[in-house]
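Based on these hints, arrange chain B on the given structure of chain A.
Those protein sequence lines, which keep their order, are chains A and B.
With the first letter of the first sequence counted as 1, position 120 gets the number 120 in my numbering; the numbers rise by one all the way through.
With the first letter of the second sequence counted as 1, position 145 gets the number 145 in my numbering; the numbers rise by one all the way through.
Be aware that a few hints might be false.
[What the hints assert, rightly or not] Between beta-carbon pairs, the in silico distance windows are:
{"no.": "1", "chain 1": "A", "residue 1": "P31", "chain 2": "B", "residue 2": "D95", "range": "42 to 50 angstroms"}
{"no.": "2", "chain 1": "B", "residue 1": "K100", "chain 2": "A", "residue 2": "K29", "range": "43 to 51 angstroms"}
{"no.": "3", "chain 1": "B", "residue 1": "S17", "chain 2": "A", "residue 2": "M128", "range": "53 to 61 angstroms"}
{"no.": "4", "chain 1": "A", "residue 1": "S85", "chain 2": "B", "residue 2": "D95", "range": "48 to 56 angstroms"}
{"no.": "5", "chain 1": "A", "residue 1": "R138", "chain 2": "B", "residue 2": "D188", "range": "55 to 63 angstroms"}
{"no.": "6", "chain 1": "B", "residue 1": "N70", "chain 2": "A", "residue 2": "R51", "range": "36 to 44 angstroms"}
{"no.": "7", "chain 1": "A", "residue 1": "K27", "chain 2": "B", "residue 2": "Q2", "range": "43 to 51 angstroms"}
{"no.": "8", "chain 1": "B", "residue 1": "K285", "chain 2": "A", "residue 2": "I3", "range": "16 to 24 angstroms"}
{"no.": "9", "chain 1": "A", "residue 1": "E36", "chain 2": "B", "residue 2": "G226", "range": "41 to 49 angstroms"}
{"no.": "10", "chain 1": "A", "residue 1": "P31", "chain 2": "B", "residue 2": "K285", "range": "27 to 35 angstroms"}
[As the list claims (entries may be wrong)] DSS-like cross-link-like pairs, simulated, lysine-lysine; straight-line CA separation at most 30 angstroms:
{"no.": "11", "chain 1": "B", "residue 1": "K300", "chain 2": "A", "residue 2": "K74"}
{"no.": "12", "chain 1": "B", "residue 1": "K260", "chain 2": "A", "residue 2": "K55"}
{"no.": "13", "chain 1": "A", "residue 1": "K55", "chain 2": "B", "residue 2": "K116"}
Rather than coming from a laboratory, the hints here were simulated on the basis of the structure.
Keep in mind the model is a prediction, meaning the values are calculated, not measured.
No residue lacks a Cβ here, since even glycine has one placed at the ideal position from N, Cα and C.
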Amino acid sequence: MGITLAWQEPARFEGLTVKDYISVGMKEKNPALIEESLCHVLLEPKDYLERKADKTLSGGERKRIELAAVFAMKPKLAILDEPDSGIDILALDNIVKIINELKKQGTTVLLITHREEVSEIADKTSLMCTGFIVKEGRSKEVSKYFKEKCAPCLTKVFPSELDNWTQGAK
Amino acid sequence: MQDYKLMLDAYETAGGSPSIFKDSNIAHLIVHKNKVIGTNLVKGLVLEPKEIPSGVDIILIVEKGIKIENLVHLCFGVLPEEGIQEINIKARIEDGAGVKLLAHCVFPNAVKVVHKMQADIEIGDDAYYEYNEVHFHGETGGIEVIPKARIKIGKNSHVVANFSLLHGRVGVFDLNYESEVMDNSTLDMTAKIYGYGNDRIKIREAGYLKGRTSRGLIKSRVAVKGNAQSEVISELIATAPDARGHVDCVEIIQGSAQAKAVPIVNVTNEFAKVTHEAAIGRVDKKQVETLMARGLEEEKAIDLVVSGLLR
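Bound-form chain A, shown alone:
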């Protein structure tokens, strides 16, 4: 199918090495590509290839390995659920870079994020509220909309009220 999903909190695997884990989704188990994918997320291959993908990894390390695995898989569509959460500020740029690399290699990325600076890499951005898309467009337009309309909103908006609310917002 060529569709994959990277969870916000990826599972950990006792006994599987990082190398094993990354290679699961690869059609051809190319060691050079495994190393390249780790480098993209700023993880030194010699330090990580034989490490266990288990609870000894920090949350940030595990998330970066998840992205590396997605990169190595070369899927047609990758759904990334908050790949930037729990990532330190120094590594954040690389998360953005690897998402761009995914785009370059032909992968469509559906990115879920709370960070404005990460959403800026998207070709198209949708703003969601309580399960509904309330604004679509370029990232900057959506951010502007959010700042003007959503951020000041102190009222919990429920889906049943959303039609009226969004019409009012326009």
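The following block gives chain B in isolation, referenced to the frame of chain A:
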């Protein structure tokens, strides 16, 4: 001669490398049923097997201050469909000595085979002892494996005991290891077993942390499917100040299999601490879904999770 060749073939199938038996720098002992069919010694290692009607008595001594450089290889097996093999080991690792052993136990054709091991092991002070036992069984399940060990560990010493039975049917399995750990010494015991069919697995591993700052880790990883059943009793008793221990048991069940875990932690000194964790259940759904998102079919994803756990 025929038995020797067949044992080596079985040993190779079990993952061993027969070439090590030709290396004079590597100590080894090969026992088929109650016959010693191969042996090699190295300096500082005493390895005296004596054939008895039902098996072999073995004396193993590593002399004071000697550290055996290469892994010592043991190979025990019963190749016919029926038979009994009792291995009685008396081992002494003297002060300052160190040795690592790898025992392959091969029963590829067992229909009615009993393999018993009774080991009494004394570890001196400042010593190191590692014992790895790997079993290779056939697919009939007609085997009974009963390993028992008592290990006494002196001061400032380190002991590792790993047991794995991951190839072929377990049959009936009843492991019972006990160890006493004295001052500043560590005990690290791990058992990994994969049961299926009507296999019956019973594991009891116990550590008595009797010495000040002694350490103990008892770890079990068991996967059962079909109608297999397992029971794991992991016991750590800490009676000395600053003793620390941890019990870690994970059992995965599939199909109609049943599993039971009994962690026993007993602390009688206010400065000692023992912790435990035990988990029994199906293969974690999130792990399986994660692997499926990478393109694996569900069955293969489950196999990978289980094989990782038992690795």
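Tell me the hint numbers this structure goes against, listed in increasing order. Numbers 2, 6 and 13, in rising order.
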